[in-house]
Amino acid sequence: EPEVTQTPSHQVTQMGQEVILRCVPISNHLYFYWYRQILGQKVEFLVSFYNNEISEKSEIFDDQFSVERPDGSNFTLKIRSTKLEDSAMYFCASSRDRAFGYTFGSGTRLTVV
Amino acid sequence: AQKITQTQPGMFVQEKEAVTLDCTYDTSDPSYGLFWYKQPSSGEMIFLIYQGSYDQQNATEGRYSLNFQKARKSANLVISASQLGDSAMYFCAMREGNSGGSNYKLTFGKGTLLTVNP
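First to last, the sequence lines map onto chains A and B. So that you can map any letter, position 49 of the first sequence is 49 in the numbering used here, and since no number is skipped, the others follow by simple counting. So that you can map any letter, position 4 of the second sequence is 1004 in the numbering used here, and since no number is skipped, the others follow by simple counting.
Since the hints were derived computationally from the structure, they do not count as laboratory data. Treat the hints with care, since some could be wrong.
To be verified - What follows is a set of in silico ranges between Cβ atoms, one per label pair, in the way DEER data are often shown:
id, chain 1, residue 1, chain 2, residue 2, range
1, B, 1029, A, 18, 29 to 39 angstroms
2, A, 97, B, 1030, 31 to 41 angstroms
3, B, 1020, A, 63, 42 to 52 angstroms
Said to hold, decoys possible - Here are some chain A residues the structure puts well away from chain B; computed CB gaps all over 12 angstroms:
id, residue
4, 14
5, 16
6, 113
Glycine included, C-beta positions come from ideal geometry on N, C-alpha and C.
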């Protein structure tokens, strides 16, 4: 069964450092998303991406965040200058259309120290 | 107001019994979709079942069924014949339609932690 692949599975970074979280969505999917889940809390929407541009972003997704689909297969989330409160599980998801559900990756656990 | 409300922080069920996890939602959009995801302790999000707002019948997927009551705005997940491996966090989520839009983001509830006892 097709999967959404996320790397790395865990990342520890120093506060103020830049991190790039990587995702390979399912190849025939058209809609891409990043979500995050702070430990023990609910999953929160960050950004959606369609047709090579951001279609919606949440208030969490400030100027420190950016997304790219550089080569037609990878989908990346960059945090320019990490803060302690960025520590969370970050999920990438993709969907072909709304009737087929969203496939989530297994997540990247980011720890900012 | 919360768009997705899961009122049960934790639920316990005996193995082989059925359990219902509650979810109510709030939207004024006539077109929406409701999803349930399972998150085991390993952290991944596993898609379980989907119900569209215009679907006439309740969705079923194996041991999972969705008790969709549109007028009450509820979309409860029913797990039949619980297994030990069903112990996990369960999230209800909603996708609201937006005509001509391409967003299709999901809004999640806070989740219900299900524990299946042997």
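Against the structure, the hints:
1. About 38 angstroms separates the C-beta atoms of residue 1029 of chain B and residue 18 of chain A, a value consistent with the hinted range of 29 to 39 angstroms.
2. In this structure the supplied range 31 to 41 angstroms is violated for residue 97 of chain A paired with residue 1030 of chain B, their Cβ-Cβ distance being about 18 angstroms.
3. Distance hint check: the CB atoms of residue 1020 of chain B and residue 63 of chain A are about 44 angstroms apart, consistent with the given range 42 to 52 angstroms.
4. Every Cβ of chain B is farther than 12 angstroms from the Cβ of residue 14 of chain A; the closest lies at roughly 23 angstroms, confirming the non-interface assignment.
5. Listed as a non-interface residue, residue 16 of chain A keeps its Cβ farther than 12 angstroms from every Cβ of chain B; the least gap is roughly 26 angstroms.
6. No Cβ of chain B comes within 12 angstroms of the Cβ of residue 113 of chain A; the nearest lies about 20 angstroms off, and the non-interface call holds.
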